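Chain order of the listed sequences is A and B.
Everything in the first sequence is counted per my numbering, starting at 133 for the first residue and increasing by one.
Everything in the second sequence is counted per my numbering, starting at 5 for the first residue and increasing by one.
Errors might be hidden in some of the hints.
Claimed, not checked - Heads up, simulated DSS-like pairs for lysine-lysine below, C-alpha to C-alpha not over 25 Å straight-line: (1) Lys866(A) x Lys162(B); (2) Lys290(A) x Lys162(B); (3) Lys162(B) x Lys736(A).
In case anyone wonders, no lab produced these hints; they're calculated from the structure.
The model shown is predicted, which means the values in this text are computed figures rather than measured ones.
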Amino acid sequence: MNLQIDRLGSGGRIDRTKRLNFTFDGKAYVGYQGDTLASALLANGVRLVGRSFKYHRRRGVYSAGPEEPNALVQLRKGERTEPNTRATMIELFEGLVATSQNRWPSLAFDLQSINQWFASVIPAGFYYKTFMWPAKFWMLYEKVIRHAAGLGHAPKVKDPDHYAYEYAHCDVLVVGSGPAGLAAARKLAETGLQVVLADERAELGGSCLWTRHSIDGVAASDWAQSQIAALAERPNVRLLARSTVFGCYDHGLLTIAERVTDHLATPPSHLPRQRLIHLRTKKVILASGPIERPLVFADNDKPGVMLANALQIYIKQYATIPGRSVVVFTNNDSAYQAAFAAAEAGLKDVTMIDSRQSVSNLLTEECRQKGIVIRTDHVVVAVAGQAVTSATIQRKDGGGPTETIGCDVLAHSGGWTPTVHLYSQAGGKLHFDETLSSFVPQHQLPNMRVVGAASGCFAVDEAITQAQFVAQSIEREIKGLTLDTEQPSVDMHKGLYTDVLHTEPLWSITLGQAKGKRFVDIQDDVCVEDIELAHRENFRSVEHLKRYTTLGMGTDQGKTSNVNGLAIMAQLRGESMPGVGTTTFRPPYTPVALGLLAGDEVGKHLAPVRRSPVHHWHEAHGGVMATVGQWMRPKVYQQPNESFEQAWRRESLAVRHGVGLVDVGTLGKIDVQGPDALTFLQRVYCNNFANLGVNKVRYGLMLRTDGIALDDGTVARLSDDHYLLTTTTANAAKIQSEFEYLLQVAWPELKCHAVSVTEQFAQFALAGPKSREVLSALLPEADVSDVGLGHLGILQVTLDGIAVNVMRMSYSGERAYEIAIGAHYGLALWARILEVGAPFGITPYGTEAMGVLRIEKGHVAGSELDGRTTPADLGLAKLTRKDGEFMGAALLNRSALVDPSRPRLMGFVPVDGRTTIRAGSHLVATESEARMAVVPHKQGFISCSTPSPFLGYPIALGFVENGASRIGQELVAASPLSNEFVRVRIVHPVFVDPDNTRLKG
Amino acid sequence: MLAKHSALSPVLEQLQSRGDHVQMPDPPSVVLREKHYSAIYQVSAFNGMQSKVETALSELLGVNAPVALRMTLREDLTWRALGEGVWLMTSQGQAMPPLGALRDHLSGVATVVDLSHARTVIQISGNSAVATLAKGCSLNLHDSVFQTGSCTNTRYGKLGICVSRFEDQPGFELLVFRGFAQHLFESLFHAASEFGVTIDR
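Bound conformation, chain A alone (with noise of 0.2 Å):
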C-alpha cells in the first residue's frame, strides 16, 4: 500500500518505477529510489521524527543536508544499528529500518519531556553548578544526568563489515560538486592534471540538483548533468559521489570518509562499508557551498518549522510537500525561491514575512503572479501548536497587533553560512563580511583557493567564472607556468561580487509576549536565555559560551547555530562580530564511524605477525604459541592428556637428563662485515672482543649510554672482518635501528656494516647430556669432539650440500649446540634433527622450558636486564673493559652505580623447600615489616621465579642489597597483593652446575 499522501504527482529526482518499503518505529511506510529517510518520512506524511537532547522537546525534519540537528535516528538493528545518524543523508534502501532516539517509552509519548517543564532548574552550566554545590548531591544528579542525557544507543556486537584505507593521490582536489565545483573540475579535467571531484551527497550536482536556475541557458540539472558525464570520461579525473571531505591536515593530507556500501541493506561481503581515503593534493578548491542559518524566534523548534531551502529541496529533488499552508520568514532574498516552489507545487496558502522594508520588483512581481501574500517589514514572533498550526507576526518595530497565520510549515531563513570548516583547518582566517552578515575567508591560500558560495560569492554565473578562473591559475602553478600580471582579485570580501541576497541582519526576535523557548542551538537545546546567561555569569568567550551552554557541541557541531550564537553574543557584549570571534573548525566535517579510522587493521590484521620457519610445525605439534616481539614462539608442545605445567617440566626435565631442541631463530642477528668491525663492537659492547679468534664465539653485554644495561647476546667471529651478532628476541630492532644510528651519525668514518640477518637464518638449540651424540648423528663427517668443538667453538660445514654453522655455546647450562642454516631448509633440518634424535629420545621444547632452564642456570634475561641493572648488579663486572672505550663507560662509575650496597643479583629459596616464591615480591625482613610499617623498608626484589622440575624444589633470581655477602640470610618475599609472604633464603644464583661441569663436558 503507498499512502505517500505529501508526495506530488509528479517531478523530483526520485524513480518512482522503484518503490521501496522501509519501517519507521516498527511502522511501514513506502519510498522510493533516490529518497533519503527524511524525504520519505514527509512524503509519508510523517512529522515527528525525534525528541529533543535535554528537554525532550518534540522535533521534525528541519534540514536536508549534513547539517541537520533534528531528524537523528537508530538506523538498522542487531550488529549494523547505528546511532545518531541524520535521516537527511540516509539513502532510503529496500527493507531499511529505522527507529527514533532518546524518549521513552515513545516518540509521541516521552515521559522525560516533562524536563521542559523545569527548564528554570536546569539552566545552562547546570551541570557544572551541580559541581560546586551541594557536592554531596553529585553522586545522585550523576546517575539522573547519565540516564537523560545521550542520543542513540551503540551497538554492544561485533561489527559484521570491513572498512579500508586508501592512501591516494591527485593534482587537484574539489570539494563539492555544486555549479562552482563542476566549473573548476571541468576547466581542470582539461588541462590534464590529476583531478578529484568529491562530493558528500548521493548524486552529484549540488545545488543544481534542485535549484530553478539555469545555467548556459538550459536548466541547472540538465547542464550538471552535462558536466558529470564529461568529466566522467576522462581519465584524469575521479569523481567520488558519497564521499565527505572531513579533515584538512599539513602537507596537502585531506581525509575522505567515502561510504561505499551505507546505501545498500547488506553489503556484499567483498565491500568495504566505508573507505578512507587519505588523499595527498597539491591544491584544493572548495567550492563546498553555504549552509542556511535559521532565525530565532519563540518555539522555532516545533516540528514543521524548517530552513527555507529544506522546504525547496523537498519539493523540487525528492517531490515531496512537507506541508499544506506555507509561511516563509526571511530576511533575504534567496528564501523566495523556496516560496516559488512551494507555489509551482501547487499549495495554495503561501505567506512571505519579511523583516526587511522593501524588496525587489522582480521578487514582487513573481510573488503575485503567483498568488503569494508578501508581508514586508514584519517577523515571526512564535509558533503554535504541538506541530507548527500556525505563525503569529507583528511589525518589527514592536508596533501595531500581532496577527496570526494559520500554517503547518513555517520555512525560514536568516542568511547564509559560507561551509568553511576546511579552510579554517587549513589555517585560514575568517573575514566577517557586513553585506552578507557571515563569515567569509579573508584570503586565499596558496594551497586551497575557495570558490563559489563557500567564498561568499552566491551569483551563480559569477561563481561559475571565479572557479574557472581559479583553476586556471592553479594549472599554471602547478605547471609551474607564469601567472597572468593582470589577473583579478580573488580576495573575495571586497565588494567584488553582487550582492544577490541582500541580506539584513537579523539575529533574534525578542518582539512580544509569546512564552516560549527560542533556540539557537536546536541539537543541544540552547536558547537565548542560556547565552543570556552565560554572559550574566561572565562566559563570554566565544570559546567560555560553547563549554559553558554547550552550543555548537552537539553532532551537528553547530553548523546551523554558531553564527547566531555568537551575534546574541556579541550583541549582549556591545561588540561588533568580528570582535567577538568564532570557535575553532577541527576536524572532522561531519561525524565518522570509528570503524573507519580503524580501516582493516582490526581482528588479525590488527599487528603484524612473524612466523619462524618452523612456526607451521610448531603450530601442528601441541605449540602453545604467544608472541615475544612480534614472533610467535611455542610455550610448551603439550601432548594429549597433558596440562601446561607438566608440558614444561616433562620438556626441561629431558634437556637435563637427555636431549632437547628448542627454536631460537627468533633472537635478533645481526651480521657486521668491515675492516672496523672490531672498532665498532668494542665501542658498542662493554666486554672486549679484541681476542676472540675466528670461529669463537663470546658473551656480549651492551650497556645505554647512562651505563644501564641494554641487551646481551653473543658474538660470533666468522672470518678476520665478519661477525654474526644475536640480540634478544624482543630487542631485536632496537639494537639494529640503534647499530644503524651510529654508524651512520655518530661514527660515519668506521668502515664497517651492520645489517639485520635475522630472518637469513633458521636456529636451533640442541641441548642435553646427550646432544652431541645427537649432533654426531646429524653431521656424522664433522668431528664434534670436545677438541673439534669445545665450548664456544664455532663449526662451519655442510649438510647435504648446504652450509651449517654450529657454535657450542649455552643457555640451559647443560652441552649445547646452536645449528643455524638458511631459513628455507630451517623445516627439513629441525624434523632431520629430530629423526636423528629420535633414538636418544630428542624432545622439543618451548620457552617455558627455555625460561625454567635458565633459572636453574642464574641466566640473566629480560626481567633482569630491565633498564635499572648494571653489569655489577648482574654479576658480570668483570667482564667490563677497562680502557673504558665502550658507550655507558662514561656514567657507568657515577657514585650511585657503584654503591657496593645496590641490589644484587642473588638467587632464593623457600626457607620451607615448597612454597613458590612470586616473581615482583618484595624483599623485606619480616612479614610483620611487609604487613604493618607504614613505608617498610624494601631490601629488594624477586625478578622471576619457577618451581625447578630437576632440583625438586622453588627457586628464584633477585636482587638484594648487599647480596653477595648475605649468603644464607633469611627475608620474608612479600606480595601484600595476592598475601603472600614466603620466608626465602639468599643463595648463589646459579642453582644447577655452577663449576660448569655439566656445560663443559
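Fit chain B to the supplied structure of chain A, relying on the hints for placement.
Using the frame of chain A, we list chain B on its own:
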C-alpha cells in the same frame, strides 16, 4: 636431501586445498604469486666509496649502475639502488656471481650480505594491483609517478617492504622479511578481495 620450504608454501597449500585461492568478483583483477630468487644480496658501500662500488659492479656484471630508486636488469639479474650507497641484487638461476667472488671483488669498498633466505618475494599484478597496494602503501605507485624500473623501500600497513615495478602493465614485486611474509600475503589477499583476486602458483 634437505628440502626447501618457502615462508608462503604452507599458506598457499592451505588456501588452494580449501579452494579459497580465488575470490569473487570474477574475473579477478589482481593476481598474487610467490616468486623465488636464487640469490638476494645487499651491497653497502663504505662512506665515500659509492662510485667505486658502482664502477666495480658494472664491470663485473656488465650492466650500468642504476640511479637512485631505479633498477637495471640483465637477463635474470636485477640491480636495485635503494638508498645512498645501498643496493639490492637479486637473481634467478646462476646469473649472480658467487657470494665469495662478489665479496672479493668489492673488498675494501663495500660489504655484501646474503639475504637469499631472509626475504620473501610476492608478485602482485593485474589491473587492480595499484588499487590493492594503495590500501596499505602511502606512496603514489601510479605509473605516471612510479614508472617501470622504479623501486623503493616503503611500508604496506605496518610492514616494511621493498616495492619494484616491472612491466608496463601493473606488475609489482614486494620483498618482505621472511617472517612477515604470511602476514603480508594475507593482508594483500584480503585487500584485493574487493577487486577479485586469484593466486597463481
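Status of the hints after comparison with the structure:
1. A C-alpha spacing of about 16 Å is found between Lys866(A) and Lys162(B), which places the hinted pair at or below 25 Å, so the restraint holds.
2. A hinted pair counts as satisfied when its Cα atoms are at most 25 Å apart, and Lys290(A) with Lys162(B) qualifies at roughly 23 Å.
3. With a C-alpha separation of about 13 Å, the suggested pair Lys162(B) and Lys736(A) falls inside the 25 Å cut-off, and the hint holds.
Hint compliance for this structure: no hint is broken.
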